[in-house]
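Number of protein chains: 2
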Amino acid sequence: MKRIESVKNERIKAWKKLHSKKGRDQTGRFLIEGEHLVEEAWKSDWKVETVLTTADDASLFPGECIGVSEAVMKELSETKSPQGIVAVCQKKQWHTPERLKGRFVLLDRVQDPGNVGTIIRTALAADAAGVVLGSGCADLFNAKVIRATQGALFHLPVYMGDLVTWIEALKESGIPVYGTSLQDATPHDQFHSQEQFALLLGNEGEGVQSHLLDAATENLFIRQNRKAESLNVSVAAGILLFALKS
Amino acid sequence: MKRIESVKNERIKAWKKLHSKKGRDQTGRFLIEGEHLVEEAWKSDWKVETVLTTADDASLFPGECIGVSEAVMKELSETKSPQGIVAVCQKKQWHTPERLKGRFVLLDRVQDPGNVGTIIRTALAADAAGVVLGSGCADLFNAKVIRATQGALFHLPVYMGDLVTWIEALKESGIPVYGTSLQDATPHDQFHSQEQFALLLGNEGEGVQSHLLDAATENLFIRQNRKAESLNVSVAAGILLFALKS
Numbered sequence: 001m002k003r004i005e006s007v008k009n010e011r012i013k014a015w016k017k018l019h020s021k022k023g024r025d026q027t028g029r030f031l032i033e034g035e036h037l038v039e040e041a042w043k044s045d046w047k048v049e050t051v052l053t054t055a056d057d058a059s060l061f062p063g064e065c066i067g068v069s070e071a072v073m074k075e076l077s078e079t080k081s082p083q084g085i086v087a088v089c090q091k092k093q094w095h096t097p098e099r100l101k102g103r104f105v106l107l108d109r110v111q112d113p114g115n116v117g118t119i120i121r122t123a124l125a126a127d128a129a130g131v132v133l134g135s136g137c138a139d140l141f142n143a144k145v146i147r148a149t150q151g152a153l154f155h156l157p158v159y160m161g162d163l164v165t166w167i168e169a170l171k172e173s174g175i176p177v178y179g180t181s182l183q184d185a186t187p188h189d190q191f192h193s194q195e196q197f198a199l200l201l202g203n204e205g206e207g208v209q210s211h212l213l214d215a216a217t218e219n220l221f222i223r224q225n226r227k228a229e230s231l232n233v234s235v236a237a238g239i240l241l242f243a244l245k246s
Numbered sequence: 001m002k003r004i005e006s007v008k009n010e011r012i013k014a015w016k017k018l019h020s021k022k023g024r025d026q027t028g029r030f031l032i033e034g035e036h037l038v039e040e041a042w043k044s045d046w047k048v049e050t051v052l053t054t055a056d057d058a059s060l061f062p063g064e065c066i067g068v069s070e071a072v073m074k075e076l077s078e079t080k081s082p083q084g085i086v087a088v089c090q091k092k093q094w095h096t097p098e099r100l101k102g103r104f105v106l107l108d109r110v111q112d113p114g115n116v117g118t119i120i121r122t123a124l125a126a127d128a129a130g131v132v133l134g135s136g137c138a139d140l141f142n143a144k145v146i147r148a149t150q151g152a153l154f155h156l157p158v159y160m161g162d163l164v165t166w167i168e169a170l171k172e173s174g175i176p177v178y179g180t181s182l183q184d185a186t187p188h189d190q191f192h193s194q195e196q197f198a199l200l201l202g203n204e205g206e207g208v209q210s211h212l213l214d215a216a217t218e219n220l221f222i223r224q225n226r227k228a229e230s231l232n233v234s235v236a237a238g239i240l241l242f243a244l245k246s
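Residue numbers (full-length UniProt numbering), protein chains in the order written: chain A, 1 to 246; chain B, 1 to 246.
Chain A extracted, bound-state conformation:
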């Protein structure tokens, strides 16, 4: 196994740039951290280019594997307590399928990386066909998003797209699009379960933009205690996905 001991190594410096969206966009690569995520990526059809580890042996990994010092690991890690393994992966771009089918989750400006990641994780669990990130969402390849997905991003298409275009395409395919809104909306428990639908969720503070709600087939809300002002958007996503699908 090759080794890199110095944080000044050119490859290490190049990989460190993947901490920023700019670096990821320019190279089409991103980092993942921790044994669990590396394993999930590796089991999937995503391309894992290089594994970097502080362990003595990582011979099980079929691709390039490099032993690194603790100092190098600290440099590449984006967590307080590095887990001793990081991998460089190639981004994958999902193209909108010709024929839309199944359940989708559309996100309008969901900014918190933990929310975006958790919603992707929940969408996979709920057998969704895909998640669509509209503009203004946290970057899919942000370390916190990836961590919150718990690897789900390797098993479910996540599209970046214009939400108006998506809403129109879904409706044309006969898939109802349900916006979420506290106004002019129907309680979600009045909907029957269905095989196909798209759920449109919005920004943590502002919700879904009104022109998107107008484009939706219908808008719904979750009845709740009056003292509660709202639900966390990833919790709402879970409640709605599982209620509408079952």
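Just so you know, these hints were derived from the structure itself, not from any lab.
One thing to keep in mind: the hints can contain errors.
A pair holds if it fits inside one copy or across any two, identical chains being indistinguishable in the list.
[What the hints assert, rightly or not] DSSO-like cross-link-like pairs, simulated, lysine-lysine; straight-line CA separation at most 27 Å:
{"#": "1", "residue 1": "Lys43", "residue 2": "Lys17"}
{"#": "2", "residue 1": "Lys101", "residue 2": "Lys144"}
{"#": "3", "residue 1": "Lys13", "residue 2": "Lys144"}
{"#": "4", "residue 1": "Lys227", "residue 2": "Lys92"}
{"#": "5", "residue 1": "Lys91", "residue 2": "Lys43"}
{"#": "6", "residue 1": "Lys227", "residue 2": "Lys47"}
Just so you know, these numbers come straight off a predicted model, no measurement behind them.
Following the hints, position chain B against chain A.
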């Protein structure tokens, strides 16, 4: 309005100690931050002792209000971008009611502060009668827990207690206790909606301890895609609370 300009002021130094659990436990006080939380506390029956603000005027607040410098605010704040208002509150201890009634959420060693806070927020929205934190949970008065509750902790009893004792008391009151487990459990969608129940959720990595699952009335799980390993615990709490109650 009084003013404190120096971070070396004795009261500021004392309040700063509320950042730690030890400091909060010793004094029975805790800090909240941001206009929204201060307002929620103030509207509730919790005791807000002192409000500290960088604003020139805070005359609307009826209690002690102190103007502070940016440097003092930075010292008291636990966020990267201080919001200019912090308040010192008195802890409130909830005593187990004589007669248990309604819906409860029991947490076994849920460690992530964001999860504990989000579950309290969701429990309020789902009209729960209370949340019970067993030992090993994140401290209720931790700043991240409070932030994630979005103020719900001021509107819903949150008990600290022994979960075995709680499970027995709930069962004696005729309230079924549903553990969550991936083994020996029934799919949650096979349960009818009910007015009263308790939901038992566990640690992010390990789930609910087996002696607690054994004590539960019945255990349930959420059917999910096989590629998904699990759901985030606060998402699971939301799905189950809203599915079982409606």
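Now the hints, each set against the structure:
1. Lys43 with Lys17: Within one copy only: 26 Å inside a chain, 47 Å across chains, cut-off 27 Å.
2. Lys101 with Lys144: Classified as neither: same-chain Cα gap 29 Å, cross-chain 40 Å, threshold 27 Å.
3. Lys13 with Lys144: Only inside one copy: Lys13 and Lys144 sit 21 Å apart there, 33 Å across copies, limit 27 Å.
4. Lys227 with Lys92: This pair counts as between: shortest inter-copy Cα distance 19 Å, intra-copy 43 Å.
5. Lys91 with Lys43: So Lys91 and Lys43 pass the 27 Å test inside one copy only (16 Å; across, 49 Å).
6. Lys227 with Lys47: between (48 Å within a copy, 18 Å between copies)
The structure fails to meet hint 2 from the earlier list, while all remaining hints are met.
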